[in-house]
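*Asks:* In the numbering used here, the protein residues as written are 1 to 631.
Calculated from the structure, these hints are not laboratory results. There may be inaccurate statements among the hints.
To be verified - Across the chosen pairs, the derived CB separations fall in these ranges:
#	residue 1	residue 2	range
1	Gly-115	Gly-89	22 to 30 angstroms
2	Pro-388	Gln-584	49 to 57 angstroms
3	Gly-77	Gly-302	25 to 33 angstroms
4	Asp-351	Ser-496	54 to 62 angstroms
5	Gly-89	Asp-117	13 to 21 angstroms
6	Pro-389	Thr-532	46 to 54 angstroms
7	Pro-581	Ala-308	51 to 59 angstroms
8	Val-241	Gly-142	28 to 36 angstroms
9	Ala-583	Pro-157	39 to 47 angstroms
10	Gly-115	Gly-343	31 to 39 angstroms
11	Gly-81	Ser-513	30 to 38 angstroms
12	Gly-142	Asp-351	22 to 30 angstroms
Note that this is a predicted model, so its numbers are computed, not measured. Heads up, the beta-carbon is just placed ideally off N, CA and C, and yes, glycines get one too.
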Amino acid sequence: MGDGEARRLGMDMPIARRDFMQGMAVATAVGAMPAAASGQTPAVGLAPDAASYPPLRTGLRGQYPGSFEVAHLARDGGFTGPVAADDTGEHYDLVVVGGGISGLSAAWFYRKALGPDVRVLVLDNHDDFGGHAKRNEFRHEGRTILAYGGTMSIETPFPYSHSSKALLADLGIVPSTYARYDRSAQVYAGLGQGAFFDKKHFGADRTVAGMNRRPWAEFFAAAPLTPAVRADLTRLYTEKVDYLPALAPEAKVAALQRMSYADFLRKHARLRPESLPWFAGMAFRNNMRVDTCPAYTAARGGRSPGFAGMALPHPIEAEAEHFHFPDGNASIARLLVNRLVPGVFGTAALDQETIVRAPADYAALDRPDNKTRVRLGSTVIRVEHLGPPTVLTEKAVRVVYMRDGKPRSVTGANVILACFNNIIPHIVPELPEEQKAALRYPSKVPMQYTNVLLRDWKAWKALGVRSISAPNGYHTSASLDTTMAIGGYASAMDPSEPVVVHMVRNPNQPGLSRKDQNRAGRADMLATPFETIEREIRAQLQRMLGGGGFDARRDILAITVNRWPHGYAYTYDMLGDPDMPDAQRPHVVGRRPLGRIAIANADAGAAAFTNVAIDEAERAVQECLVSRGLT
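From just these sequences and the hints, can you work out the full model?
*Replies:* As structure tokens, then:
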């Protein structure tokens, strides 16, 4: 990109863009320049306490530089053998490694079982609690605008367990009330889904509105497609043909489970090779791509073409109750902290409405007089029993963590590892080798959730779209944020108001296995600087929205990139994973307790859902109680 193009897109504009290294703010040269001196439009105002209030930090977030390097050092053998550390003298009934929803839920269940006087320490390597449930805040012209940087909603393809439902109820969350807060249907009335056809793959840049609303023949007629591709895609979306006519229904299911959706489209639905780019950016469950997603999984989703005439024997999956906070499931994490740690959100017990606007005092997270403490910026590098796991004392486990560049240690009667499975073998060397191999088996799914604050959404209104699919884009989708009115907070209700655009990137490398695509995407994420991502964001939004009057230089106010190289928990499928009894699955073998050490997290349930994280926390707590003879 030349200097002229960079300026046209606004790369020199003083928007709010900051990277936080090792907890210290590092502003870009332009971002640090006073607006009056630069002669440019003033940047979005960051509160004076941004350095001490993580949700306000913009730029590269998620697993940001400074949050993962110590863990990578542990992975690479940097802490083998005995690990010396300064003994803090602190002892806890429970030490939790990982301050995401699973770790905070573990602290909740443990206290609920043993009473509020038990001492609990939660250690997390990030500068904020919540794990993937990340809250992003923007402040513009005196207004706070919220967005989610990770886990979006309460929803799964299966019902919540009693434990998960009870936890939500205890926190004051009632999913059935969601309809009273969602204003999207009214605010975005008349706007639908669009698709961006890019010049490289389709011959011209064009955003076409009406996807899934207009007749498919009409929709594809408006797209820059060749007559052959237009006819091919229209046929696939409209005809009702059994593409496996020789097979009985159950045999159809077995065959679809063992072929990719791409192979199904090419070999059975007879899709032309030049039509396949339309499916390139589509993400199926847990970020499976068209070449790694089993055809049966695509069929079960209910929206993929090609299955209308096949009369498959199993129904389309239905989701459980849905609830979306303006900051996603970060509000669940905040409600847990509100109940666990006095003083962070004041003294009152908040609920699903009052939590949304409640300010958090991060200085109160780790006060010595609190029974439960949350210690951020603390990466655990060793968890070990003080003696044989079968001969246990009250100070059964030593936990060593790095904080401010120094190793420190605490002891616990129990430890719950609510961190990623793939780091556990490197920090718990006493685990059996079979268990270590099981913990290493999955490859977490890389995800990038980008939030862009725009001056207004007039261009979206002009184009008639609320969301845009970009099959071959750097980000494969972009959408206006859900419009909410809850607890005194209100999203943009008018096209002239500032709005957050949520963009999703799923890096992958077609042709590889699913786990190898995840590894390649993770490496790509870690190697890409924020400046490159910003250029891609600006160029893509300009190309998609320019026809509606959008100007990237004028309209982009702030950017927060939530980068998750280790994103969703890995799930199994018949195409990429061996079929085996549940008891032998790697996640089941991997989560076995060892003495006073138990394992929680979504990885332990092999499903990337909040209720799975909660259920695995409850199981781990039960194992802790058994280890102490308390149940």
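*Asks:* Hints first: check each against the structure and report whether it holds.
*Replies:* Results for each hint:
1. Gly-115 to Gly-89: 22 to 30 angstroms: For Gly-115 and Gly-89 the Cβ distance comes to about 24 angstroms; the hint holds.
2. Pro-388 to Gln-584: 49 to 57 angstroms: With Cβ atoms ~27 angstroms apart, the hint is violated.
3. Gly-77 to Gly-302: 25 to 33 angstroms: violated (47 angstroms)
4. Asp-351 to Ser-496: 54 to 62 angstroms: Cβ of Asp-351 to Cβ of Ser-496: about 32 angstroms, so the range 54 to 62 angstroms is violated.
5. Gly-89 to Asp-117: 13 to 21 angstroms: Check passed, 20 angstroms falls within 13 to 21 angstroms.
6. Pro-389 to Thr-532: 46 to 54 angstroms: Check passed, 47 angstroms falls within 46 to 54 angstroms.
7. Pro-581 to Ala-308: 51 to 59 angstroms: violated (35 angstroms)
8. Val-241 to Gly-142: 28 to 36 angstroms: Given a distance of about 58 angstroms, which is not inside 28 to 36 angstroms, the answer is violated.
9. Ala-583 to Pro-157: 39 to 47 angstroms: About 23 angstroms separates the Cβ atoms of Ala-583 and Pro-157, which means 39 to 47 angstroms is violated.
10. Gly-115 to Gly-343: 31 to 39 angstroms: Because 20 angstroms falls outside the window, the suggested range is violated.
11. Gly-81 to Ser-513: 30 to 38 angstroms: holds (35 angstroms)
12. Gly-142 to Asp-351: 22 to 30 angstroms: Cβ of Gly-142 to Cβ of Asp-351: about 26 angstroms, so the range 22 to 30 angstroms holds.
The structure is inconsistent with the numbered hints 2, 3, 4, 7, 8, 9, 10, although it conforms to all the rest.
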